[in-house]
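Whenever a hint applies, use it, and build me the whole structure from the sequences.
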Amino acid sequence: MKRYRYSLLAVIFILFIYYPAQAQKLEGRVIEHKLKNGIQVLMLERHEAPVVSFHVLFDVGASDESVGITGIAHMLEHLAFKGTKTIGTTNYEKEKPLLEKLDKIVIQLREERARGEKADPAKIQQLEKEFAETQAEANKYVVTDEFSKILQVNGGVGLNATTSQDSTRYFVSLPANKVELWALLESDRIANLVPREFYSEQDVVLEERRLRTDSSPIGKLFEQFQALAFNAHPYHNPTIGWESDMRNYTREKVEAFYKKYYVPANATIAIVGDINPQEVIELMEKYFGAIPPAPKPPKVVTVEPPQVGEKRIQVELDANPHILIGYHKPDINHPDEAVFDVITSILSEGRTSRFYKNLVEKRIATNVDSFTGFPGDKYPNLFSILATPLTPHTNKEVEEGIYAELEKLKTESVSAEELQKVINNVEASFISSLASNSGLASQLAFFQAITGDWRNLEKHIDRIKAVTPEDIKRVAKQYFIKTNRTVAEIVKREKPQG
Amino acid sequence: MQRVTKHFFILLNILLLFSIASPLQAQSYKDLKFKPLEFKPPPVDRVELANGMILFLAEDHELPIVNISAKIRTGGIYEPADKVGLAELTGIVMRTGGTQSRTPEEINEELEFMASTIETSIEDESGSAGLFTLKKNLDKSLEIFADILMHPAFDKDKVELAKAKALEAIRRRNDSPQGIAQREFQKLIYGKTHPLARTTEVETINNISRDDMVDFHKKYFHPNTILLGITGDFNKAEMIEKIEKVFAGWEKVNVDYPEVPPVDTQVKSTIALFDKDINQANIIIGHLGTKITNPDYPALRILDEILGGGGFTSRLYKKVRNDEGLAYGIYSNFEAGLRDYGTFEVVLQTKTESTREAVDAVIDQIKRLTQTEVSDEELQVAKDQYMNSFVFRFDTRSKIVQRKMLYEYYGLPADFLEKFRDKVLNVTKADVLRVAQQYLHPDNLVIMVVGDRSKIEKDLASLGPVTILSKS
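Chains A and B, in that order, give the protein sequences. Going by our numbering, the first residue of the first sequence is number 1, and it counts up by one from there. Going by our numbering, the first residue of the second sequence is number 499, and it counts up by one from there.
Please keep in mind that the hints were generated in silico from the structure rather than gathered at the bench. Check the hints yourself; a few may be wrong.
Unchecked claim - Chain A side only, calculated, beta carbon under 8 Å to chain B, not exhaustive:
| # | residue |
| --- | --- |
| 1 | 48 |
| 2 | 114 |
| 3 | 144 |
| 4 | 211 |
On a predicted model such as this, the values are computed, not experimentally measured, just so you know. We put the beta carbon where it would ideally sit given N, CA and C, even for glycine.
In structure tokens form, the structure reads like this:
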């Protein structure tokens with residue numbers, strides 16, 4: 001008797017008095033459900049409005065590629081919007097042989113073109129004609145963008161996907177009455193993807209490369225920076241891919257990549273919003289439960305060897321100077337991660353940060369930012385600093401100013417007040433992050449897949465609180481050394497070549 | 499009790515029910531049935547204070563935070579032509595330059611230690627000020643927020659810093675091809691001296707003094723020029739008291755706004771090329787758009803969804819991106835200006851070699867809309883997309899409050915959105931064709947291209963005379 005009464009009281013207490021306080025914690029609110037085939041599902045109820053955000057993360061990214069197929073994880077992400085055996089087509093049985101025929105023509109065409117001067121122009125012309133005809137034939141069965149269209153027509157917003165070095169993520173928000181629609185479409189995509197419209201999409205990703213890298217000074221700077229910083233580890237290669245690899249993708253290679261990595265054991269799904277978790281679990285079992293299990297693919301084994309000397313590159317562009325500095329550091333699960341986060345905050349967060357006060361307010365630079373987790377988080381990566389000098393000051397002066405601040409971290413203890421400020425800001429930004437369904441879904445999926453437990457999202461605050469001034473000195477001394485450093489800078493090329 | 503649950507929602511709109519249905523095999527999305535979506539957006543209170551300040555309040559007790567955003571009746575359109583940049587710089591230095599009783603450093607330290615954020619800015623047609631704070635730091639943060647709005651000190655050193663950064667931005671503005679294309683397109687549409695298109699120059703920045711900023715602030719910042727949107731964990735009555743207290747003594751002042759020249763609606767046709775050594779052409783094609791009050795805007799909105807505003811479902815996305823692989827990003831925006839005319843633009847990037855092909859493809863799509871009615875399916879898709887995503891306009895209190903403020907600022911009725919939605923629902927194929935013929939001008943387009951002149955110029959020349967824009 002007494003026990004029951006106690007529970008009842010406790011329930012009332014939680015619902016009516018402590019609800020606002022509970023909303024600030026994730027522990028106890030996130031519901032975990034793992035399907036038998038290995039798909040990890042995380043759910044969080046928020047009933048502020050009848051909307052739901054969905055986030056599907058595959059534990060595969062550009063770092064899982066090898067030379068020859070760089071960028072293929074990203075290409076696959078694009079093709080995942082092209083439909084399945086039933087979506088995006090009026091008749092897959094008739095479409096399939098045409099898609100296979102196209103692949104054969106393209107292989108012959110590429111072989112002939114690769115002969116360079118010895119290539120037979122008549123043969124190329126004939127193959128191009130065959131290609132155009134077959135493609136037109138195949139396109140008759142295509143229902144363009146049916147997958148995306150269904151979601152948008154049903155009120156989907158924020159429909160998109162991203163590929164990084166570490167993961168590939170698909171996301172959308174829908175009105176709360178459309179959960180089953182999402183489950184049906186998304187499970188079909190995991191099980192039955194058909195990479196149709198392959199060759200026009202190849203042109204699209206090449207266009208994306210021109211946009212993000214070739215004609216973007218900062219994009220080019222970052223590409224050169226990571227390629228220089230990593231000798232052995234696949235973080236060396238750009239996520240979008242090297243252009244020559246991108247021109248030589250085949251459907252066979254994409255499908256092999258898809259079959260290996262888009263397996264249930266590699267998928268984490270986070271659903272946040274106005275949901276009934278029991279109903280969602282039933283739908284997940286119904287639609288995703290039937291996907292056959294497969295082994296989780298192995299992680300990258302290559303380890304970046306210790307750097308033996310400073311690396312530098314001057315990237316000459318029709319653009320004004322920027323400087324980008326990186327130091328090798330461990331992966332996100334290493335105990336020093338929290339120390340780097342505190343350092344980042346002290347150096348460049350806000351107008352009281354050291355870079356702002358000593359470089360921006362002194363009018364040496366317009367911006368100086370620092371960040372961890374480039375090019376990825378899963379494997380050892382770079383602590384990086386990006387700065388923009390303010391004329392007449394040069395990259396060199398900014399660089400010297402940055403090093404002076406890094407040296408200070410090695411020798412002078414950070415004050416208790418400075419540390420407390422970092423903690424206050426980390427706590428506040430955590431609380432404000434809880435107000436967004438899509439933001440939360442993204443964070444939960446990321447921490448679950450990349451750190452092994454969504455709880456690390458919250459535990460990270462405790463780790464930051466535990467960082468001491470001694471930790472900061474130790475980390476600065478250990479990592480911020482010349483032999484561990486890569487520097488890339490944009491140098492203005494006044495006259496275009498040629 | 500503070501938790502809003504589904505039980506309190508009532509039916510918002512039966513039309514949120516999905517409408518396409520046809521028989522097919524089991525397990526098809528077409529077989530799914532959806533419950534109607536029930537939702538009543540949370541209420542917003544509008545309160546006018548004695549000093550003329552207008553508050554929009556919505557309590558939200560999920561998290562212990564408070565967000566305040568001010569919209570101020572001012573803007574870059576009111577700055578003198580020889581001091582372009584004055585409004586923007588005033589907006590920046592209001593926040594960075596301290597107040598009469600607090601140094602810049604004191605403000606930064608105090609706010610950042612509490613993890614509160616205050617930012618101010620002045621755009622073309624309005625000013626903004628925002629405050630984010632944890633509930634426990636509300637009083638202290640609000641006091642600084644009010645101090646910054648009322649008594650900014652425009653510290654000399656921070657004035658110089660802001661000017662130096664503005665000059666650096668001018669130096670760097672031709673680094674980004676997309677930035678060049680947008681800037682030059684606006685100038686071609688509005689004319690390069692019009693307040694909606696003019697840009698800062700070394701000379702105009704050098705003309706700006708600290709006194710100019712002090713005067714600009716003094717002229718436009720008064721309680722009666724401010725709309726304040728407040729959401730978060732507070733009690734309405736207490737919040738009103740707090741606001742009255744922190745702004746106590748600030749008096750109402752009538753402001754004479756300088757006249758802004760109206761947009762010249764004469765249709766202009768130009769082909770312009772900005773030479774840049776890159777392997778991709780950045781293209782904007784379009785002309786003048788419309789005004790939000792135009793009774794044809796609902797039909798134009800549907801037209802735009804079908805052309806290129808509707809993302810994956812639009813014609814431009816299908817034809818230019820998916821069928822031809824000519825672009826990565828492509829969209830259209832038939833913009834309805836809130837004060838004066840917006841612009842109509844189609845934005846895309848394509849490899850240098852396919853510039854002409856892409857331009858032709860876009861013009862062809864614009865032309866088609868003026869020649870033939872859209873299909874029943876296209877019309878239905880555009881409407882469903884608009885209607886079914888309607889709930890996302892209300893899914894946070896801050897979105898609801900922001901919109902109320904926007905309507906108030908531009909003198910639109912409070913139920914503008916609901917009325918607009920009903921009009922969108924009634925748009926017919928004939929309406930779409932009629933507005934296409936009236937408002938699209940495929941023969942009088944502005945075509946702005948940033949790219950490699952040596953390869954592009956001759957391809958564009960057969961469309962008409964090409965103006966070469968030099969690097970400024």
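Going down the list of hints, with the structure as the test:
1. 48: At about 6 Å, which falls below the 8 Å cut-off, the nearest Cβ of chain B leaves the hint on residue 48 of chain A intact, so it holds.
2. 114: Cβ of residue 114 of chain A sits 20 Å from chain B, so the hint is violated.
3. 144: Hint on residue 144 of chain A: holds, closest Cβ of chain B at ~5 Å, below 8 Å.
4. 211: holds (5 Å)
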